[in-house]
Amino acid sequence: MSKSNKGWFALFTVPLLLVFTTVVIIPFIIGIGYSFVSWDGIPANPKVFVGFDNYATLFRDDRFLTSAWHTIEFTVLALILVNVLGLAFSLLVTMKLRVSNAARTMFFMPNLIGGLILGYIWQFIFTDVFKYLGDKTGFDSVFFNWLIHPHFALYAMVIVFTWQMAGYTMIIYIAGIQGIPDELGEAARVDGANLWQRLTRIVFPLLMPSFTICLFLTLSGAFKIFDVNLSLTKGGPNNATELFAMNIFNEIFGYGHYGLGQAKAIIFFVLVAAVTLTQVIITKKKEVQY
Amino acid sequence: MKLVKRTSVLLTTTALVGLLAACGGNSNDNQQAGAEKLKKISLFQSKVEIAEPLEALAETYKKETGNEVEVWGSAGDAYMTQLQAKLAAGEGPTIFSVGTGAEANKFKSYYADLSNEAFAKNIAPDMALKDGDKIVGVPYGVEGFGLVYNKSLVDPKDVKDLASFTKTLEKFKAEGKNGLSLSQEAYFLIGHIINTPFALQSDPQGYIEKLNKGEVKMADTKEFQEFAKFMEAIKTNTVNPMEVKYDTQMGDFATGKTAMVHQGNWSYGMLSDYGDLGFEVGMMALPLAGNDKIAVGVASNWVVNNKADADQIKAASAFLNWMFTSEAGKKAIVDEFKFIPAMTNIDAANLDPLSQTVFEATKAGQTIPWANNYFPQGVIVNDLAPATQEFFLSKDMTGEQFLKNLDAAWAKGAK
Chain A
1 MSKSNKGWFA LFTVPLLLVF TTVVIIPFII GIGYSFVSWD GIPANPKVFV
51 GFDNYATLFR DDRFLTSAWH TIEFTVLALI LVNVLGLAFS LLVTMKLRVS
101 NAARTMFFMP NLIGGLILGY IWQFIFTDVF KYLGDKTGFD SVFFNWLIHP
151 HFALYAMVIV FTWQMAGYTM IIYIAGIQGI PDELGEAARV DGANLWQRLT
201 RIVFPLLMPS FTICLFLTLS GAFKIFDVNL SLTKGGPNNA TELFAMNIFN
251 EIFGYGHYGL GQAKAIIFFV LVAAVTLTQV IITKKKEVQY
Chain B
1 MKLVKRTSVL LTTTALVGLL AACGGNSNDN QQAGAEKLKK ISLFQSKVEI
51 AEPLEALAET YKKETGNEVE VWGSAGDAYM TQLQAKLAAG EGPTIFSVGT
101 GAEANKFKSY YADLSNEAFA KNIAPDMALK DGDKIVGVPY GVEGFGLVYN
151 KSLVDPKDVK DLASFTKTLE KFKAEGKNGL SLSQEAYFLI GHIINTPFAL
201 QSDPQGYIEK LNKGEVKMAD TKEFQEFAKF MEAIKTNTVN PMEVKYDTQM
251 GDFATGKTAM VHQGNWSYGM LSDYGDLGFE VGMMALPLAG NDKIAVGVAS
301 NWVVNNKADA DQIKAASAFL NWMFTSEAGK KAIVDEFKFI PAMTNIDAAN
351 LDPLSQTVFE ATKAGQTIPW ANNYFPQGVI VNDLAPATQE FFLSKDMTGE
401 QFLKNLDAAW AKGAK
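If you read the protein sequences in the order shown, they are chains A and B.
Under full-length UniProt numbering, the first residue of the first sequence is numbered 1, with each subsequent residue one higher.
Under full-length UniProt numbering, the first residue of the second sequence is numbered 1, with each subsequent residue one higher.
Treat the hints with caution; some may be incorrect.
To be verified - Simulated crosslink set (SDA-like; lysine to any residue; CA at most 20 Å straight-line): (1) K415(B) to V50(A); (2) K404(B) to F59(A); (3) K86(B) to G31(A); (4) K245(B) to G31(A); (5) K245(B) to I26(A); (6) K108(B) to P43(A); (7) K395(B) to G31(A); (8) K415(B) to Y55(A); (9) K131(A) to Q201(B); (10) K131(A) to T248(B); (11) K412(B) to R60(A); (12) K106(B) to P46(A); (13) K415(B) to F59(A); (14) K245(B) to D128(A); (15) K86(B) to I42(A); (16) K307(B) to P46(A); (17) K245(B) to Y132(A); (18) K245(B) to H149(A); (19) K245(B) to P43(A); (20) K47(A) to S109(B); (21) K395(B) to F152(A); (22) K245(B) to V50(A); (23) K307(B) to F144(A); (24) K415(B) to N45(A); (25) K131(A) to N105(B); (26) K412(B) to G31(A); (27) K307(B) to G31(A); (28) K106(B) to N45(A); (29) K412(B) to F249(A); (30) K47(A) to N105(B); (31) K395(B) to V129(A); (32) K47(A) to K108(B); (33) K415(B) to A56(A); (34) K131(A) to S394(B).
Stated by the list, open to error - Simulated coverage check for chain B against chain A, where a stretch passes if three residues somewhere in it have a Cβ under 8 Å from a Cβ of chain A: (35) 343-352; (36) 375-384; (37) 388-394.
Said to hold, decoys possible - Taking CB as the label site, the calculated pair distances span: (38) T66(A) to G73(B): 50 to 60 Å; (39) K136(A) to P125(B): 40 to 50 Å; (40) V272(A) to K331(B): 49 to 59 Å.
Worth flagging that the hints you see were computed from the coordinates, not collected in a lab.
Predicted model, so just to flag it, every value in this text is computed and none were measured.
C-beta: ideal position from N, C-alpha, C; glycine also.
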């Protein structure tokens, strides 16, 4: 890098670095400190150093462990649904259809609405519209108030999250698909490969970089989800949909256990980092060059 | 090393710039405030119902005295969270509201001493929020809750004990009406109704302490066993409260679809929005273990933040004095906020029927206390409510199991 380039480099990077340090790195380090104290969040009240007690407590906390299980359940379901749908949408709109541009817009649109608002809208759908449909059509084993049933409330969250994210992953898959040279598909067609063979042998392997990104985005997004959780179910009924982030929030602000909640947050960070890193490493290995 | 130096230079520069900006802001404020005016103060409180009239009152205050009070938007259920976050960030409001009991204790170190203020001598006996001998908080007013009922549908004589209560609910169910409605919000689902068995203990606060230590169990206490039977009767004979929101609860009551709701005098505000109801409303006790008294207490108190600067504290006391002694202020408390005053200098004429009942019960001493003020922090929302949701959602759960679950939930919340 030449000297003048370095100057430009610094000019654009330093402000960002500064912001990142002050709002992410420094609070994170302070946060690690808080996880070793017992404190109720009132600045004037004492902070008592308790060593690793908070970490020991959280592994005995049933509610935290249950919320961990629910988070995993939610993440697996959401991961599959979002990516299958996103991929399907992208394949659909890259075919030469008359409506593909309109379809693109429609599929992407839910992503423009914030998670909180989406949650409130769907809350209305699940509680009122579903109940109405059930009453009118007689299919009340499917159409009932999903949000007061422990399992269905979780599925409801998966649906809303998918609704929000599928269009977004679609965009990334479209970019990937358009990066694949047409000749490859045509050559395969000439050799007699059918659609399925062309998809699994050519498109999917060459889409691996897109998979890496999309899986990473959905995985981390699903793990960290809070907004939809809050607006759609508030963690209810009976804490059946209280996911990680919400459990931490409740520990800190509900009970006023700032130290314990912070310890949970640290564990949460380690988990998210570990899971997403593993995923990125695995999918990176599968990427191929043509 | 070089990097560290550079970074620290940068950080210092940013900090300096920030400081300068902060100073600039302050000097501007002073110029606007002028010489005689009191400093602008901020006010933050938890009651959504009074948000609008409170802002109107702040306007009146500005017109009458020229001083400014900035009313921050009400946060409802999230109030505590936001207040705590704001205080922790050093950006706390000058005046804020706290509950009584455990909640008030928690914020103790923030209270300015109000003992010498003019309004302090007008607070009704035993109603002031105190820290030792110092008066630190002024009550909003007293409030009461119990069974709010439709006088044209329900005769209080039919709701005298468990048997008649259950019979009444069954009668309404057969008629296709909803006999009693709770609603899904934590306090309206369990927090208020569970107060009765606590309040009926000979020493409610002592009982709660024992419960915290695990020395007693709700499942072994007579009043709670009967409470569980009441809840069973409600579960079997009424619309599932998990399907009902506060709005729906009051709406159905106002339109005669529901005969009784477990609510407080504050709910009359919502009823009056419906105009002429076509029937009279009354409030009676939840007839648990022979109880014939409604639960009355001080829900919220105004306190002044002692971490604000001296000028602001002065301005805050001046505002409270104005609110509790001026004609406009007193009128707003009774007519606009619909509070039942806990002050001796405020007359309580023209109360709505529910508040009237509470007011009369208070004067006659026919009340039970709000034991739920002394519950461990967050236990209603975080532990009791989920256990109750489970009770109402699982068809097979008996009242006995429900009590055991409540005990388990309490043990978790109290640790």
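Given pair status - N105(B), K47(A), alpha carbons within 20 Å: It holds: about 17 Å lies between the C-alpha atoms, which stays within 20 Å.
K131(A) paired with S394(B) [C-alpha distance capped at 20 Å]: holds (19 Å)
Straight-line alpha-carbon gap K415(B) to Y55(A), limit 20 Å: At roughly 16 Å apart (the allowed maximum being 20 Å), Y55(A) and K415(B) satisfy the hint.
Hint consistency between K131(A) and N105(B) [alpha-carbon to alpha-carbon, up to 20 Å]: With a Cα-Cα distance of about 45 Å, the restraint between K131(A) and N105(B) is violated, given a limit of 20 Å.
Distance restraint hint 40 to 50 Å, applied to the beta-carbon atoms of K136(A) and P125(B): Distance hint for K136(A), P125(B) is violated at roughly 59 Å.
Given pair status - Q201(B), K131(A), alpha carbons within 20 Å: It is violated: about 42 Å lies between the C-alpha atoms, which goes past 20 Å.
Restraint check for K245(B) with P43(A), where alpha carbons must lie at most 20 Å apart: violated (36 Å)
Per-stretch coverage check for the stretch 388-394 of chain B, three Cβ contacts closer than 8 Å to chain A: Satisfied; 3 residues make the cut.
Satisfaction of hint between T248(B) and K131(A), Cα-Cα up to 20 Å: holds (15 Å)
20 Å limit on alpha-carbon distance, applied to hinted pair K86(B) and G31(A): holds (18 Å)
Coverage criterion applied to the stretch 343-352 of chain B (partner chain A; beta-carbon cut 8 Å; 3 residues): Per the Cβ count (0), the hint is violated.
Pair hint outcome, K108(B) versus P43(A) [Cα-Cα no greater than 20 Å]: holds (11 Å)
Of the numbered hints stated above, those contradicted by the structure are hints 2, 4, 5, 7, 9, 19, 22, 23, 25, 26, 27, 31, 35, 38, 39, listed in ascending order.
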